[in-house]
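Chemist: Take a look at the letters that make up each chain.
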Amino acid sequence: MTESEALDATFTALADPTRRAILARLTEGEASVTELGRPFALSQPAVSRHLRVLERAGLITRGRRAQLRPRRLEVAPLKEAVEWLERYRQFWEESFVRLDGLLEELKEKENAAKK
Amino acid sequence: MLQRNRFEGDTELIVLPGEPSFIVKRTFNAPARLVWEAWTRPEYMRRWYGNSCMTLEVCEMDVRPGGAWRRVLRMQDGKQIGFHGVYREVEFPQRVVFTEVYEPVPEHPSLVTVTLSERDGKTSVVVEQLHDSVQSRDAHIGSGMEAGMREALDRLEDFVSALPS
Numbered sequence: 013m014t015e016s017e018a019l020d021a022t023f024t025a026l027a028d029p030t031r032r033a034i035l036a037r038l039t040e041g042e043a044s045v046t047e048l049g050r051p052f053a054l055s056q057p058a059v060s061r062h063l064r065v066l067e068r069a070g071l072i073t074r075g076r077r078a079q080l081r082p083r084r085l086e087v088a089p090l091k092e093a094v095e096w097l098e099r100y101r102q103f104w105e106e107s108f109v110r111l112d113g114l115l116e117e118l119k120e121k122e123n124a125a126k127k
Numbered sequence: 754m755l756q757r758n759r760f761e762g763d764t765e766l767i768v769l770p771g772e773p774s775f776i777v778k779r780t781f782n783a784p785a786r787l788v789w790e791a792w793t794r795p796e797y798m799r800r801w802y803g804n805s806c807m808t809l810e811v812c813e814m815d816v817r818p819g820g821a822w823r824r825v826l827r828m829q830d831g832k833q834i835g836f837h838g839v840y841r842e843v844e845f846p847q848r849v850v851f852t853e854v855y856e857p858v859p860e861h862p863s864l865v866t867v868t869l870s871e872r873d874g875k876t877s878v879v880v881e882q883l884h885d886s887v888q889s890r891d892a893h894i895g896s897g898m899e900a901g902m903r904e905a906l907d908r909l910e911d912f913v914s915a916l917p918s
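Line by line, the protein sequences are chains A and B. First residue of the first sequence: 13, per the working numbering; consecutive thereafter. First residue of the second sequence: 754, per the working numbering; consecutive thereafter.
So here's chain A without its partners, still in its complex pose:
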């Protein structure tokens, strides 16, 4: 996956409230498919579909323990998504700090002109 595709997969995965709830549950530790499905009125195949989306995004992986193959959270793709957004915001923030300086100057000029 390219960086762009990876971010796309991350945000697609995060767009769904059930999947976010699953991720939230996994922040407490790994869990089986049955455990993950329990809080939702969802069939096991429906839960499995959500888990596949999360897996494709690299947000969760399967453990090796016995047959339960408990799922666990992977942090790296989430960090990349946050970092991308932060870079975008940072571009504006840095520009705006410079704009603050310019505006101060314009205000002073205006005040001086009034005198």
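Keep in mind the hints are simulated off the structure, nothing from the lab. Computed from a prediction, not measured in an experiment: that's the story for all the values here. We put the beta carbon where it would ideally sit given N, CA and C, even for glycine. Treat the hints with caution; some may be incorrect.
Below, a list of computed lysine-lysine pairs in the DSS-like style, where the Cα atoms sit at most 27 Å apart [stated by the list, open to error]:
# : chain 1 : residue 1 : chain 2 : residue 2
1 : A       : 119       : B       : 832
2 : A       : 126       : B       : 875
3 : B       : 875       : B       : 778
4 : B       : 778       : A       : 127
5 : B       : 875       : A       : 121
6 : B       : 875       : A       : 127
Estimated spans, in silico, between C-beta atoms of each pair [to be verified]:
#  : chain 1 : residue 1 : chain 2 : residue 2 : range
7  : B       : 820       : A       : 53        : 15 to 23 Å
8  : B       : 857       : A       : 74        : 33 to 41 Å
9  : A       : 36        : B       : 856       : 17 to 25 Å
10 : A       : 88        : B       : 763       : 25 to 33 Å
11 : A       : 45        : B       : 832       : 42 to 50 Å
12 : B       : 813       : A       : 95        : 30 to 38 Å
13 : B       : 799       : A       : 39        : 39 to 47 Å
14 : A       : 84        : B       : 848       : 14 to 22 Å
15 : B       : 808       : A       : 125       : 28 to 36 Å
16 : A       : 53        : B       : 782       : 46 to 54 Å
17 : A       : 122       : B       : 841       : 25 to 33 Å
18 : A       : 64        : B       : 782       : 46 to 54 Å
19 : B       : 859       : A       : 73        : 24 to 32 Å
20 : A       : 125       : B       : 832       : 38 to 46 Å
A few chain B residues that don't get close to chain A, going by computed Cβ distances all over 12 Å [to be verified]:
#  : residue
21 : 763
22 : 804
23 : 806
24 : 814
25 : 818
26 : 819
27 : 861
28 : 880
Chain A is fixed; fit chain B onto it per the hints.
Modeler: This is chain B only, laid out in the frame that chain A set:
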């Protein structure tokens, strides 16, 4: 909000559910007429638009409905990125709407609305960049931010801060 607890600065970035847009908000300690000047006069915009990695090399603007603008950002490695568009609405000192073409992907312009509202001598500025689709937004920003949303971002922030690095 995602940005507040992570970094210095007051710029808010908002991503709404199901909309191919980004909204950036910030308040400035100056009246709207001065903020307007800073946004609409090239000699002023050249002084603020950009950051430590990207400098504004070209800035041309003919601020009236139907008038054209163009900006070129130069990266540290010498690479240049051009943007251009046409002003659609110009209402001093509160609203300017223009199209924006990211020159590497010219077939998908976005529509940018800059809204200024003055109160007690301060001016809040909202920049909304609306793309024609999630795909073109992705092309524009060079990432694949499909269906991002504020709730997801808050979640994301919680995960990242709660988890060991």
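Chemist: Indicate, hint by hint, whether the structure satisfies it.
Modeler: Hints and how they fare:
no.: 1; hint: 119(A) x 832(B); in the structure: 35 Å, violated
no.: 2; hint: 126(A) x 875(B); in the structure: 20 Å, holds
no.: 3; hint: 875(B) x 778(B); in the structure: 13 Å, holds
no.: 4; hint: 778(B) x 127(A); in the structure: 34 Å, violated
no.: 5; hint: 875(B) x 121(A); in the structure: 17 Å, holds
no.: 6; hint: 875(B) x 127(A); in the structure: 22 Å, holds
no.: 7; hint: 820(B) x 53(A): 15 to 23 Å; in the structure: 56 Å, violated
no.: 8; hint: 857(B) x 74(A): 33 to 41 Å; in the structure: 39 Å, holds
no.: 9; hint: 36(A) x 856(B): 17 to 25 Å; in the structure: 41 Å, violated
no.: 10; hint: 88(A) x 763(B): 25 to 33 Å; in the structure: 29 Å, holds
no.: 11; hint: 45(A) x 832(B): 42 to 50 Å; in the structure: 47 Å, holds
no.: 12; hint: 813(B) x 95(A): 30 to 38 Å; in the structure: 33 Å, holds
no.: 13; hint: 799(B) x 39(A): 39 to 47 Å; in the structure: 46 Å, holds
no.: 14; hint: 84(A) x 848(B): 14 to 22 Å; in the structure: 49 Å, violated
no.: 15; hint: 808(B) x 125(A): 28 to 36 Å; in the structure: 30 Å, holds
no.: 16; hint: 53(A) x 782(B): 46 to 54 Å; in the structure: 52 Å, holds
no.: 17; hint: 122(A) x 841(B): 25 to 33 Å; in the structure: 29 Å, holds
no.: 18; hint: 64(A) x 782(B): 46 to 54 Å; in the structure: 50 Å, holds
no.: 19; hint: 859(B) x 73(A): 24 to 32 Å; in the structure: 40 Å, violated
no.: 20; hint: 125(A) x 832(B): 38 to 46 Å; in the structure: 41 Å, holds
no.: 21; hint: 763; in the structure: 8 Å, violated
no.: 22; hint: 804; in the structure: 4 Å, violated
no.: 23; hint: 806; in the structure: 8 Å, violated
no.: 24; hint: 814; in the structure: 16 Å, holds
no.: 25; hint: 818; in the structure: 24 Å, holds
no.: 26; hint: 819; in the structure: 26 Å, holds
no.: 27; hint: 861; in the structure: 15 Å, holds
no.: 28; hint: 880; in the structure: 8 Å, violated
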